[in-house]
Amino acid sequence: MVSERFVPVAENCSPLQRAQQDAKGEYFRYIAEQGHYAGRTLPSASRQGLYAFRADGTLLASVNTREARPLLGMLERALDRWEENPRTIAEAPDTYDPDPRFRSRYPEGGLVLLTTTRDLPRAADTRPDDLRRHAFNHDYAWFTREEAASLVPTDPRIGGVMPVPLPIVRRIARFHLLDSTRGETPAWRAEDVEVADLTVEVTGLDGEVVELRLEGRIRNHAHGTWAIRGFQPPESDQDRGFDAWLLGFLAYDRATSAFTRFDTLAVGTRWGGTEYNGRYDDLAPAPLGVMFELAGSLPRDRTPPHANLADYFGE
Amino acid sequence: MIHSGLSNAAATAIKPADLDRLRDLISAKPDEERWAAIPWETDLWAARRRAQEVNKPVFMWAMNGNPLGCV
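Going down the list, the protein sequences come from chains U and P. All the letters of the first sequence, read from the start, carry residue numbers 1 to 315 under our numbering. All the letters of the second sequence, read from the start, carry residue numbers 1 to 71 under our numbering.
Please note that the accuracy of each hint is not assured.
[Stated by the list, open to error] Restraint-style ranges between C-beta atoms, simulated for each label pair:
1) W226(U) to W35(P): 28 to 34 Å
2) V161(U) to V54(P): 54 to 60 Å
3) R5(U) to D24(P): 33 to 39 Å
4) D20(P) to E146(U): 41 to 47 Å
5) W35(P) to Q34(U): 21 to 27 Å
6) V54(P) to E108(U): 27 to 33 Å
[Unchecked claim] So the derived list for chain P, only partly shown, Cβ under 10 Å to chain U, looks like this:
7) I14
8) D18
9) L25
10) E32
11) A37
12) I38
13) L44
14) R48
15) K56
16) M63
17) G65
18) P67
Just so you know, these hints were derived from the structure itself, not from any lab. Glycine is no exception: its CB is placed at the ideal position from the N, C-alpha and C atoms.
Build out the structure end to end from the sequences listed, making use of the hints.
In structure tokens:
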């Protein structure tokens, strides 16, 4: 139904709901303030949800749900209202003057990875057999062309080993070894990275292709006061961490200055929770896996990393 | 029950022979990502323009965090 009867779009509404000062932000706020969270400030000002609307911004229906039945009901109501007047009236300008704070920073020619984070099976599993056991999450990791090239020795020789450059180690450790399995979670602070030892070894040379083995260990740990459940007060003496071993098999084509393979896993033990990552009932140490692989070329594969990009790129 | 091979308490180095098995445990399965088959626009303004061109309503999935990435 969505593919056939609508033009579907998916976007991060965090900037759109308040901060983004341009025509697109205004357009989203106009739509959202007709919807299910209109005017809401408590428990938060979030406007996340599912919206159906005319191109001129007239809301047809909206809901915030993870359940199929309410969503289907919303879509049916939207289509009923659409059919009352199935005609697009106003025309939007082709372009607008975008808020420069939210410009795309996609690393053209660089290295873009898709990550998948998921709990690994447990010998003794007390988790309910629902999304808390089966959840997974994605993110994207971005590295500039120069950063990607820095992973490859300038004069590669089989058996040669070099440390992974610090900016790459930092980015992986702080921003991508996170327990986001059930929901988003803050990045680690620099001081939370207790161990970060990553190396690459040249394992093969095939013409212009350099084959590499990446391996090492990263241990992140934080202790302090924060909420471990959404919209609840912070709690003291909280502890969270992820102690992971990494192993990856990479291939870099020097002719095209591009990775053709980046199959890497980070596997280890996580513990603790954060305000929105849904771990409040599952704080004890348990196995977690993060998989890294080359992203594809679909429009969704240009999705930015979850992180604050200024911090992400060390600015 | 498949066991990950890891204790609940300590991290251990990954054995290369376990790589494929672990990748299979972590990776998303096709029936877990049926939503990905929807031809999502990734920009609200572009979706608005397209909705005008094809005379259809827009359906927007808006989340704090990108629904196509980490949420």
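- request: Please flag the earlier hints that this structure goes against, numbers listed from lowest up.
  value: 4
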